[in-house]
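Student: Fit chain B to the given chain A structure using the hints.
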Amino acid sequence: MWLCPLDSLIDMETVAGEIFANVSVLGYWVSLLAGAFCGIFFGAVPGVSATMAIALLVPFTFGMDIVGSIALLLGIFFGAIYGGSIPAILFKTPGTPASAAVIFDGYPLMRAGQAGRALSLASVSMLAGAAIGSALLVFLAPQISQIALKFGPAELFAMASFGIITIVAVSDGPLLKGILSALAGLLLSCIGMDPMSGYPRYIFGTAGLMEGLPFIPVLIGLFAVSGALAGKSDSGIEKNDVKVRFCELPPLSDLKKTWKTMFKSGILGAFIGATPGAGCDIAAFVSYGMAKHSAMQGDKFGSGEVKGVAAVESAKAACTSGTLIPLLSLGIPGDSVTAILVGALVLHGVQPGPLLFENNPALAGTILATVVFAHFAVFALALASVRWSTLILKLDEKYIKAGVLLLSIVGSYALRNNMGDVWIAFVFGIVGIAMQKAKFPVAPFLLALILGQMAEVNFRRAAMLEDGSPLFILNSPIALGILVAAFVFFAAASFKRLRKRM
Amino acid sequence: MKINILLIAVSILAIWLAGEFPVDEAAAFPSWVAWIILILSILDIAISACKSGKGGLVENKTSGSEISDNFDASSLIMAAMTAAYLLLMPFLGFIFSSGLFCAGVLRAQARMGLLRAAAFGYGFSAFVYAIFAGVMNVALPVGFFN
Chain A
0 MWLCPLDSLI DMETVAGEIF ANVSVLGYWV SLLAGAFCGI FFGAVPGVSA TMAIALLVPF
60 TFGMDIVGSI ALLLGIFFGA IYGGSIPAIL FKTPGTPASA AVIFDGYPLM RAGQAGRALS
120 LASVSMLAGA AIGSALLVFL APQISQIALK FGPAELFAMA SFGIITIVAV SDGPLLKGIL
180 SALAGLLLSC IGMDPMSGYP RYIFGTAGLM EGLPFIPVLI GLFAVSGALA GKSDSGIEKN
240 DVKVRFCELP PLSDLKKTWK TMFKSGILGA FIGATPGAGC DIAAFVSYGM AKHSAMQGDK
300 FGSGEVKGVA AVESAKAACT SGTLIPLLSL GIPGDSVTAI LVGALVLHGV QPGPLLFENN
360 PALAGTILAT VVFAHFAVFA LALASVRWST LILKLDEKYI KAGVLLLSIV GSYALRNNMG
420 DVWIAFVFGI VGIAMQKAKF PVAPFLLALI LGQMAEVNFR RAAMLEDGSP LFILNSPIAL
480 GILVAAFVFF AAASFKRLRK RM
Chain B
0 MKINILLIAV SILAIWLAGE FPVDEAAAFP SWVAWIILIL SILDIAISAC KSGKGGLVEN
60 KTSGSEISDN FDASSLIMAA MTAAYLLLMP FLGFIFSSGL FCAGVLRAQA RMGLLRAAAF
120 GYGFSAFVYA IFAGVMNVAL PVGFFN
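Line by line, the protein sequences are chains A and B. Under numbering that gives the first Met the number 0, the first residue of the first sequence carries the number 0, and numbering increases by one thereafter. Under numbering that gives the first Met the number 0, the first residue of the second sequence carries the number 0, and numbering increases by one thereafter.
Next comes chain B alone, as it looks inside the complex:
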């Protein structure tokens, strides 16, 4: 249901923005697609509502609990840590931030000792850096510690 509402919002935004395009041809295709999404999302919501009205609530509850098992508090922590890592990487540089991130993930997920987690984190980060920067010539962020 939530995804359907999001799709409806996105399709309305897409149609509105397409209406502002100065070139009609550029607006046509996304507008058609957005209109179809809008109609089908409403239809999907209606179907779900009918199903829940006919006793589909039990089924929905079961599937919901299966999913919530997969995405728990530790997943939220992981997501927050990843977001923080991405924010810090341009400032701290790749090796320092990646080592910190890996060590943090291992501490949080596996309750690993600080030294072991840091050793793995910085070792693996250095290995990845050697492959991407050394072999593939990718300019990874260096940050303040350049």
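For reference, chain A alone in the conformation it holds in the complex:
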């Protein structure tokens, strides 16, 4: 165990005793459950990301002790990442970008009258992914951090390319349309201030576009607004089809079918989460792509396959623990959420990093224990919320449609208090309908839009380090390996498509 640089068993016992004392306080559990509840609630509201949820609730921790604060913040973080999947499965409205990937199979399951099954499987997969991510965090954090720290611009470019290539390879519809969809997303990711030179590109004098095209309104438009505007295709569910049980658990057959997918996605999600700069959205989409690629005969990816839900949820949860690996072992925040977490910890006088384990092993151990308990708290609340959230489906679909449209609009507005973002959501709602009509897959477009800037910036940085040569890839075995893997994956998926057509 890396967390205990202790010399003797007696010291270890003392630390264990302190950890136990820290977590056996009622206030700790109240904070943990309140954090998980608020996280799930805010995550489920379209437009409110995990980063926003934590930023909104950080002030509440000012008057709390450090242990209670950590419990509240981790509860919010994990809860928000899970909570985004609830509206994604029920209304095709992802609460967070990472949850967009669960729509592909979660929403068709809901339409088949199996919303409870999809939500309960999502919560169990979340727990499985969390267990894998947390185990890696506790036992292998230094090793993973060392690998992740070798990721420079070339490797990050390769990683972004891998994500985009994978999702193009497994997307529905003709391959050429998938490539075009991803390229369109890449082109739109160039809108805004050039990250290297600061020159504003394609903003047409609009100050609101300086930071780039905000992808949360785009996401809301492509999935939620387009679904609410398009007529009959999304109204296939009858009120009587909705089965609501008092305690919904996924069938044993689903768990038997999906445990391998959960395991693989969990490992992948934790590694992606541990890489600074990569986030849970990449983990979710790449894991979905991998699961779809290794589909067996009879698997119905895209039309309600339980493995699709399991892959995304497991990867997302593992990724949340993964992002804490560089944070706790090296003091490096991997994404915006962990950056806010660092700020909150520093406010309480705690500096995350290797010294934390040397100077305050009891607190470090408490943080690790809280990671595990927070995941359990989210799981318990998620399972308990299945019944209440599926009850909403008993409402007449017209109410739901009006409600989804209104929430989508307010969610887009809430991001920056800007009407321009609402118009972006509306325009992309129409774009989403047009894309579906022309059989252009939406997922490659969205992922390319999210990862476009990461790909471009790191490509340019890596090339700059090699005197402008794009052959920098050859000098980085990790980047070369990732890109070769991406192209092998792409070739294999294309071959599979060809065989299907023949």
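These are calculated hints, taken from the structure and not from any lab test. These numbers come from a predicted model, not from an experiment. Here a beta-carbon is modelled for each residue, glycine too, at the ideal position from N, C-alpha and C. Treat the hints with care, as some may be off.
[Said to hold, decoys possible] If you want the footprint, here are the derived chain A segments under chain B, 3+ residues with CB under 8 Å:
no.	region
1	102-115
2	177-190
3	391-404
[Unchecked claim] A short list of chain B residues far from chain A (calculated; beta carbon distances all over 10 Å):
no.	residue
4	A13
5	A78
6	F95
7	F100
8	L113
9	G120
10	I130
11	G133
12	A138
13	F143
Tutor: Relative to the frame of chain A, chain B by itself:
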């Protein structure tokens, strides 16, 4: 086909605008992407043309009719109502315009009674306002009725 033409137009515009950038480095990446889009869109159009030449017209017709089923006149009305709502919101304020919008959608879609539609519309708008403005401190538009 229409989306391909749109993509061609957008990529030509992107290449032209990138040519005006004073910083070459800032123009390079979008220009490459736009050139690839241009070439692939033309290729996609050519492939579609070849397919329709080989009797793919029947297939295209079938898929087209499936799609048109999904996007009907009521969808157009919804889109128009949403656009009008977005235009009016800064002037009428969030609660008033949202209540009106929800009631309008329910009247148009579900042929619901005016009172019931208005009750749901304003009730739900007030609920959403309470969450976003009250809990999350989002400054929603207040309009003339501030």
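Student: Each hint needs a verdict: does it hold in this structure or not?
Tutor: Hint check:
1. 102-115: violated (count 0)
2. 177-190: holds (count 7)
3. 391-404: Per the Cβ count (7), the hint holds.
4. A13: Contrary to the label, A13(B) does not stay out of reach of chain A, its closest Cβ about 6 Å off (not over 10 Å).
5. A78: Given a closest Cβ separation of 5 Å, the condition is violated.
6. F95: For F95(B), whose nearest Cβ neighbour in chain A is about 13 Å away, the distance exceeds 10 Å, so it holds.
7. F100: violated (7 Å)
8. L113: Non-interface label stands for L113(B): nearest chain A Cβ at 15 Å, farther than 10 Å.
9. G120: violated (8 Å)
10. I130: violated (7 Å)
11. G133: At about 12 Å from chain A, G133(B) clears the 10 Å cut-off, so the statement holds.
12. A138: Non-interface label on A138(B) violated, nearest chain A Cβ at 5 Å vs cutoff 10 Å.
13. F143: holds (16 Å)
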